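Fit chain B to the known structure of chain A by using the hints.
If you read the protein sequences in the order shown, they are chains A and B. In terms of the working numbering, the first sequence opens at residue 12 and continues consecutively. In terms of the working numbering, the second sequence opens at residue 12 and continues consecutively.
Hints listed in this document are in silico derivations from the structure and should not be mistaken for laboratory results. A hint or two may mislead.
When chains are identical, the list treats them as one kind, so a pair holds in a single copy or across two.
DSS-like mimics (lysine-lysine), calculated; alpha carbons at most 30 Å apart, straight line [as the list claims (entries may be wrong)]:
hint	residue 1	residue 2
1	Lys119	Lys281
2	Lys243	Lys208
3	Lys108	Lys119
4	Lys270	Lys341
5	Lys281	Lys341
6	Lys208	Lys252
Please read these numbers as outputs of a predicted model, since none were measured by experiment.
There are 2 protein chains.
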Amino acid sequence: MPADKTALRDFIISETTSIEEAMRDDLAGALRENDPLLIEVIEYALFGGGKRIRPLLAILAARVCALQDDSIYRLAAAFEYLHVATLVHDDVIDNAKERRGRPSAGEKYGIAAAILAGDWLHARSMHLVGRYGGQVGLGVFCRSTAGMVDGEFLQLRYAADCEITEEQYFAVIHRKTALLIESTCEIGALFAGADEKQRSALTAYGHKLGNAFQVIDDLLDYCGDRLNTGKKTGNDFAEGKVTLPLIRALKAADDNARKHVVDLFSGDRKDPEAYAVLSRMIDENGGFESARDTAESLIEGAIADLDVFSETDDPEGLAMLHGIARYVLKRDR
Amino acid sequence: MPADKTALRDFIISETTSIEEAMRDDLAGALRENDPLLIEVIEYALFGGGKRIRPLLAILAARVCALQDDSIYRLAAAFEYLHVATLVHDDVIDNAKERRGRPSAGEKYGIAAAILAGDWLHARSMHLVGRYGGQVGLGVFCRSTAGMVDGEFLQLRYAADCEITEEQYFAVIHRKTALLIESTCEIGALFAGADEKQRSALTAYGHKLGNAFQVIDDLLDYCGDRLNTGKKTGNDFAEGKVTLPLIRALKAADDNARKHVVDLFSGDRKDPEAYAVLSRMIDENGGFESARDTAESLIEGAIADLDVFSETDDPEGLAMLHGIARYVLKRDR
Numbered sequence: 012m013p014a015d016k017t018a019l020r021d022f023i024i025s026e027t028t029s030i031e032e033a034m035r036d037d038l039a040g041a042l043r044e045n046d047p048l049l050i051e052v053i054e055y056a057l058f059g060g061g062k063r064i065r066p067l068l069a070i071l072a073a074r075v076c077a078l079q080d081d082s083i084y085r086l087a088a089a090f091e092y093l094h095v096a097t098l099v100h101d102d103v104i105d106n107a108k109e110r111r112g113r114p115s116a117g118e119k120y121g122i123a124a125a126i127l128a129g130d131w132l133h134a135r136s137m138h139l140v141g142r143y144g145g146q147v148g149l150g151v152f153c154r155s156t157a158g159m160v161d162g163e164f165l166q167l168r169y170a171a172d173c174e175i176t177e178e179q180y181f182a183v184i185h186r187k188t189a190l191l192i193e194s195t196c197e198i199g200a201l202f203a204g205a206d207e208k209q210r211s212a213l214t215a216y217g218h219k220l221g222n223a224f225q226v227i228d229d230l231l232d233y234c235g236d237r238l239n240t241g242k243k244t245g246n247d248f249a250e251g252k253v254t255l256p257l258i259r260a261l262k263a264a265d266d267n268a269r270k271h272v273v274d275l276f277s278g279d280r281k282d283p284e285a286y287a288v289l290s291r292m293i294d295e296n297g298g299f300e301s302a303r304d305t306a307e308s309l310i311e312g313a314i315a316d317l318d319v320f321s322e323t324d325d326p327e328g329l330a331m332l333h334g335i336a337r338y339v340l341k342r343d344r
Numbered sequence: 012m013p014a015d016k017t018a019l020r021d022f023i024i025s026e027t028t029s030i031e032e033a034m035r036d037d038l039a040g041a042l043r044e045n046d047p048l049l050i051e052v053i054e055y056a057l058f059g060g061g062k063r064i065r066p067l068l069a070i071l072a073a074r075v076c077a078l079q080d081d082s083i084y085r086l087a088a089a090f091e092y093l094h095v096a097t098l099v100h101d102d103v104i105d106n107a108k109e110r111r112g113r114p115s116a117g118e119k120y121g122i123a124a125a126i127l128a129g130d131w132l133h134a135r136s137m138h139l140v141g142r143y144g145g146q147v148g149l150g151v152f153c154r155s156t157a158g159m160v161d162g163e164f165l166q167l168r169y170a171a172d173c174e175i176t177e178e179q180y181f182a183v184i185h186r187k188t189a190l191l192i193e194s195t196c197e198i199g200a201l202f203a204g205a206d207e208k209q210r211s212a213l214t215a216y217g218h219k220l221g222n223a224f225q226v227i228d229d230l231l232d233y234c235g236d237r238l239n240t241g242k243k244t245g246n247d248f249a250e251g252k253v254t255l256p257l258i259r260a261l262k263a264a265d266d267n268a269r270k271h272v273v274d275l276f277s278g279d280r281k282d283p284e285a286y287a288v289l290s291r292m293i294d295e296n297g298g299f300e301s302a303r304d305t306a307e308s309l310i311e312g313a314i315a316d317l318d319v320f321s322e323t324d325d326p327e328g329l330a331m332l333h334g335i336a337r338y339v340l341k342r343d344r
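Extracted from the complex, chain A is given alone in its bound form (with noise of 0.2 Å):
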């Protein structure tokens, strides 16, 4: 049963009303006789429009594996918190201004409030999954928190790069991205007493998903102006981020194209015109189109993941899940 658009933003919707409901009722428990400050830096970072595609995910995984209780939602509220936690860091890390079109954490409230906010959603998002997780959940939970950080030290590592290799690459965004998203649907497995088959086949499915997910999100930081979704781009390039498409077009490249990268990423990189050669050099190199094609074999490969599932109690969590995967082939911000 494939989903089509419209049941799967219908369940969208509705799916996150209940997730932002658990994460409302959980705070407002677990931040009572809180500095109010405190508890309006995390509402602010918490509330401002996030797709909620980990808590998703979480709960899809433990449907298909045949799982309806209701505490799941609180579970799935931990990978949000997680999640928003590294984003709140990571504005810091990058001096960020903005985060979905409003000042970030850090630039309202200031950097103490920012990495303090930051560790209390870190500290609770352990408490959950410690709590309905289990150890096991726990443990993977906690692997997948300490993998991150490893990805932004790769990342800073690999900064303005261009002899990155595409396994380089792949490691860092594995790390950075798609580890909390494999773990999210590993644990969601977990908490529904998946098998060790329906286990494994849920993180296979989330591995890949998160590469798709990363790749996307790095062709977007280049072409998301021509799809005019008012994504801003070229911050890649600015931060010294080497990415698939570049490394793709370098491959392809001839020296004098190659050369005259180098000369850029050591150049200015908040120039306009800079950046304008790169992407242009980027797509006669058919660098985008063969970024594109890896995302969309990635996204293939994890709905095959999904087909241990084909006798699932839940056809339309399975549905869900392809369509999430194929959501993020088409997503445009």
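Chain B only, in chain A's frame:
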């Protein structure tokens, strides 16, 4: 059996060695295949001469509850990890250049590396507590971590506020310092299968010990230089922290002196002359003596809380808990 000074010192040296070995073993496993810079920052932050009081307390709490199980050292490491994670983040927040006579992690490696290394240590501490401290232990631990963040917000709220009450001051130091020490003792007890009476006695001991520890810290921030300890003084005044010696002095002082203090806090708090005037005023109004009396009462209370262990099979462990409590009053840095 009271612990004499030499016995306590020998015990601390030998246990500190075991704790640091456990930390190094744990890191060797957990950081394998991680970015070399991440490993370097973590090791720099962890092995800079900490006193390892928190791990010692976890081990002793477990011992007086009749446990001998070597994995207590792994659990104990978690409390040092979390403590160091908070120090590293606090130094970023306070823009502190030094920590224990060396450049702070943020100063040496930059704030990106420091924030991320703190996050890694935070995640790893949760991992260890989840693994060795059980679900109840993890709940206690996460609540204390979240409470520490709340304490930092409270502290920001009361900055340079000379109207802060004693109750508010204790609310801040409880969250900021005592909560972690108290949960360390509690989780050590839980690990050893303590009964309810033992668990609450150790929690109460940790609570009073932690509060006394911070009261002494706040005293040393004024009086450390008189003791020729080389500890820098005047930081709290510079940062606008109104601590117990001043609160007590303000209570005893006349209106003129009180008004003068308010003026000092709204003036240049880095002026050594202002600090000298403030110190003298606190001294003349008995603030130091009164705060020290409170620390002594807290320590007496902490020792009395341990009476339930008078029949323990490990009188040496009990003597060390007494010794650490008394040490808090004697410490000079």
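Structure-based check of each hint:
| no. | hint | in the structure |
| --- | --- | --- |
| 1 | Lys119 / Lys281 | both (24 Å within a copy, 27 Å between copies) |
| 2 | Lys243 / Lys208 | neither (41 Å within a copy, 60 Å between copies) |
| 3 | Lys108 / Lys119 | both (9 Å within a copy, 25 Å between copies) |
| 4 | Lys270 / Lys341 | neither (34 Å within a copy, 65 Å between copies) |
| 5 | Lys281 / Lys341 | within (28 Å within a copy, 57 Å between copies) |
| 6 | Lys208 / Lys252 | neither (37 Å within a copy, 57 Å between copies) |
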